[in-house]
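**Student:** Sequence:
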Amino acid sequence: MSVFALLDPAVRLAHDAVSALAAVLPTALAIVLFTVCVRLALHPLARAAARGQKAQARLAPKVAELRRRHAKQPEKLQAALTELYREEKASPFAGCLPVLAQAPFFSVMYRLFTKPNDLLQHTVSGVPLGLHVNAAHGQGQLLVFGLLYLALAAVGFLSFRNARRAVADPTAPGAALMPYLSFGTVLFAALVPLAAGIYLLTTTAWSVAERAWLHRDSRPVQPLAVQPAR
Numbered sequence: 014m015s016v017f018a019l020l021d022p023a024v025r026l027a028h029d030a031v032s033a034l035a036a037v038l039p040t041a042l043a044i045v046l047f048t049v050c051v052r053l054a055l056h057p058l059a060r061a062a063a064r065g066q067k068a069q070a071r072l073a074p075k076v077a078e079l080r081r082r083h084a085k086q087p088e089k090l091q092a093a094l095t096e097l098y099r100e101e102k103a104s105p106f107a108g109c110l111p112v113l114a115q116a117p118f119f120s121v122m123y124r125l126f127t128k129p130n131d132l133l134q135h136t137v138s139g140v141p142l143g144l145h146v147n148a149a150h151g152q153g154q155l156l157v158f159g160l161l162y163l164a165l166a167a168v169g170f171l172s173f174r175n176a177r178r179a180v181a182d183p184t185a186p187g188a189a190l191m192p193y194l195s196f197g198t199v200l201f202a203a204l205v206p207l208a209a210g211i212y213l214l215t216t217t218a219w220s221v222a223e224r225a226w227l228h229r230d231s232r233p234v235q236p237l238a239v240q241p242a243r
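Just so you know, we're using the working numbering here: the sequence shown kicks off at 14 and counts up by one.
Just so you know, these hints were derived from the structure itself, not from any lab.
Take these hints with a grain of salt, some might be off.
[Unchecked claim] Straight-line alpha carbon distances no greater than 30 Å define the calculated DSS-like cross-link-like pairs of lysine-lysine that follow:
id	residue 1	residue 2
1	K75	K102
2	K75	K89
3	K75	K85
4	K128	K102
5	K75	K128
6	K85	K102
7	K85	K67
8	K89	K102
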């Protein structure tokens with residue numbers, strides 16, 4: 014039994030919910046509305062993640078100073094970081110664990126919109142929701158995919174801009190690369206059916222708006238000038 018097969022009962026429930034909405038709404042709009050409902054249900058986890066990220070940002074100057082001081086002593090650095098988080102009653106994983114807890118829900122949504130089912134036979138502007146861009150033909154179908162990718166790129170840019178401002182520890186490995194991952198949804202959308210692309214657009218737009226709301230009272234993190242260890 015595959016890992017995805019374990020999700021089938023939840024996928025069937027999601028399918029029934031979207032089908033019920035699609036009985037009174039255009040299917041594409043039903044996908045958007047169902048995605049919004051799922052994200053609303055997951056909002057408490059997003060709030061928990063935001064609290065962890067704010068704690069990380071608050072401790073970033075102290076973490077950077079410890080990295081500078083113990084740059085050549087990884088054992089002492091790890092011990093110092095552990096002590097810092099203990100004293101501050103924080104965790105370096107506080108912002109990650111709630112995000113990981115959301116993964117099963119997103120896996121169900123991905124499975125629903127990529128596994129062949131009757132919902133994918135419906136159309137939006139004449140384009141089947143189960144169609145991939147490499148099978149699109151005619152200006153009409155290509156235009157629908159083009160508008161989707163353009164919207165995803167716009168949301169990705171907003172996410173990129175916010176991520177650059179919110180890097181808690183600019184000295185951490187991979188910190189400079191993380192903001193650019195915001196554009197990964199555009200590439201991923203090119204590999205999945207139109208329905209999954211609509212889901213991606215809805216959930217990423219929600220994420221950007223949700224993050225802006227949860228971090229509305231946060232100041233942008235200023236780049237830290239890290240001095241070389243003596």
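**Student:** Next step is simple, just say for each hint if it's right about the structure.
**Tutor:** To see whether the hints hold, each was checked on the structure:
1. K75 <-> K102: Holds - the C-alpha atoms of K102 and K75 are around 14 Å apart, at most 30 Å.
2. K75 <-> K89: holds (15 Å)
3. K75 <-> K85: The given pair, whose Cα atoms are some 17 Å apart, holds under the 30 Å limit.
4. K128 <-> K102: This hinted pair is violated, its Cα atoms lying about 44 Å apart.
5. K75 <-> K128: Not OK: K75 and K128 at ~47 Å, beyond 30 Å, violated.
6. K85 <-> K102: Distance of about 26 Å is within 30 Å: holds.
7. K85 <-> K67: holds (28 Å)
8. K89 <-> K102: Distance of about 20 Å is within 30 Å: holds.
Consistency with the previously given hints fails for numbers 4, 5, ordered from lowest to highest.
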